[in-house]
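Asks: Chain Y is already provided as a structure; the job is to place chain C on it using the hints.
Chains as they are written, first to last, in our numbering: chain Y, 2 to 231; chain C, 56 to 277.
Read the hints as simulated data drawn from the structure, not as lab findings. Misleading hints may appear alongside valid ones.
[Claimed, not checked] Stretches of chain C that chain Y covers, calculated by requiring three or more beta carbons in the stretch to come under 8 Å of a beta carbon on chain Y:
no., stretch
1, 85 to 93
2, 183 to 193
3, 236 to 245
[Unchecked claim] Some chain C residues well away from chain Y (every beta-carbon gap over 10 Å; in silico):
no., residue
4, E62
5, A107
6, F139
7, P145
8, S161
9, K176
10, K197
11, I203
12, D216
13, P218
14, G256
C-beta atoms are modelled at their ideal positions from N, C-alpha and C, and glycine is treated no differently.
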Amino acid sequence: MNFRGTMLGKILWQGVTSRHLTAIWSISSRSKHKLPDLPYDFNALEPYISAEIMKIHYEKHHATYVSNLNVAEEKLGEAKAKGDISAVIALAPALRFNGGGHINHSIFWQNLGPKSGEEPTDDLKSAIELDFGSIENLKIQLSTASIAVQGSGWGWLGYNRQSGRLQIAVCPNQDPLEATTGLVPLFGIDVWEHAYYLQYKNVRPDYVKAIWNVANWSDIASRFAKAKSG
Amino acid sequence: MPDMEYELPALPYAYDALEPVLKQSSLKIHHGDHHRIYVEKLNAAVKGLSVATKSIEDMLACIDASTPKAVRNNAGGHYNHSLFWLCMKPHKAGNVNPIPESRFLSSVHNSFRSEEGLKCKIKDAALSLCGSGWIYLTANAKRAEICIESIYNQDSPIMQDVPGDGVPFFALDIWEHAYYLDYTFKRAEYIDRWFGLTDWGFVSDAYENWALKGSVVRVSRL
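Only chain Y is shown next, with the shape it has when bound in the complex:
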């Protein structure tokens, strides 16, 4: 193929068209993080979590973590290319915060779903009963831990690969569960005020109580199965 037949040749010969711009953009953005699709409409979790909160939480908060993560990773690439170790280290907080925010919220949207009335079954139910006595006890313990988070953070039901047991943990800010504790995240409760304030104001316990109505046990069970199988 002669030069004019190549992509670059076509661009230079014909002038850049939007089709070419799209091609260039998609190559450079292939490695960039994207907001995952929400598996339901913004109003699907009502009345437990309002559409207003879902829209802002997803379109603004999560989207900002994604775009800031991309910026941080681009800077990381530049720092690595220059061999600038100091700059690499200085990026760690931004990567942790925005990377953690992206990981946590991506799990969160899957963890939730329209109220189904389902409860855990089979293996997950057995594991919960083994480690917490009952599903009700799990709810009480995870709720208590989540409500008690000082400031911003998350309450988690996690899987401990070493012991093969379920465990509750809390993480501050956007610290991701697995990187911070080694536990595999199964179900997270976002207790940043932005997750509930417009609807529940300062009454975090009411929000945490309500969220159990929209816990997607199929998703939690599938995470558990995957974690157990290594």
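Replies: Here is chain C on its own, set in the frame of chain Y:
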């Protein structure tokens, strides 16, 4: 000495005085619920403890890593919010709100070149705080130079185990509850508009007559 009964301080202005920057309904929740609950929980947490006889200012100065979390978080919450209300005054139309001629203003010019320079740095700090917390301005008897401190949760530089040796004389609440009902995710817009409420007269006075003397700014009547 008898135990203290910590009290929710009355706001120095009506709930609607900070409109349109902060709505009456938001202030009612922030003061009447959040701050009130810090005070109630503090009173419950200190029952029977030796710190219970101290003023809130003295209590904060005693707090260290061994202090029970319930005391730390609620004492911090009570003090920080008390200082925050004093840092604001009723909003004037037009949002023009310069720092008065004062030792504080000279110090601002020395460290930040201008008022705008100071506000820019405060805003940068606020936007970089990745969670809940406060932006303080601090100084002390050995350091007239103003420092901007970003502190998470309800901690304060006054506490013994919190880095920073300064006395806070300005406090800006960056917890989401401080702005979410009025600005949702737009923290930057909250800060820009909040500078229209800042009581720079109080801040200048607190800098000169408390921080530079090494004394914790008094926020309580008791």
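Asks: Work down the list of hints and note, for each, if the structure agrees.
Replies: Here's how the hints hold up against the structure:
1. 85 to 93: holds (count 3)
2. 183 to 193: Three-residue rule met by the stretch 183 to 193 of chain C, so holds; n is 4.
3. 236 to 245: holds (count 3)
4. E62: For C/E62, whose nearest Cβ neighbour in chain Y is about 19 Å away, the distance exceeds 10 Å, so it holds.
5. A107: Nearest chain Y Cβ is 22 Å from C/A107, so the label holds.
6. F139: Its Cβ never comes within 10 Å of chain Y, the nearest being 16 Å, so this holds.
7. P145: Check passes; 24 Å lies beyond 10 Å.
8. S161: holds (33 Å)
9. K176: Check passes; 18 Å lies beyond 10 Å.
10. K197: holds (30 Å)
11. I203: holds (17 Å)
12. D216: Per Cβ check, C/D216 is outside 10 Å of chain Y; nearest 15 Å; holds.
13. P218: holds (16 Å)
14. G256: holds (31 Å)
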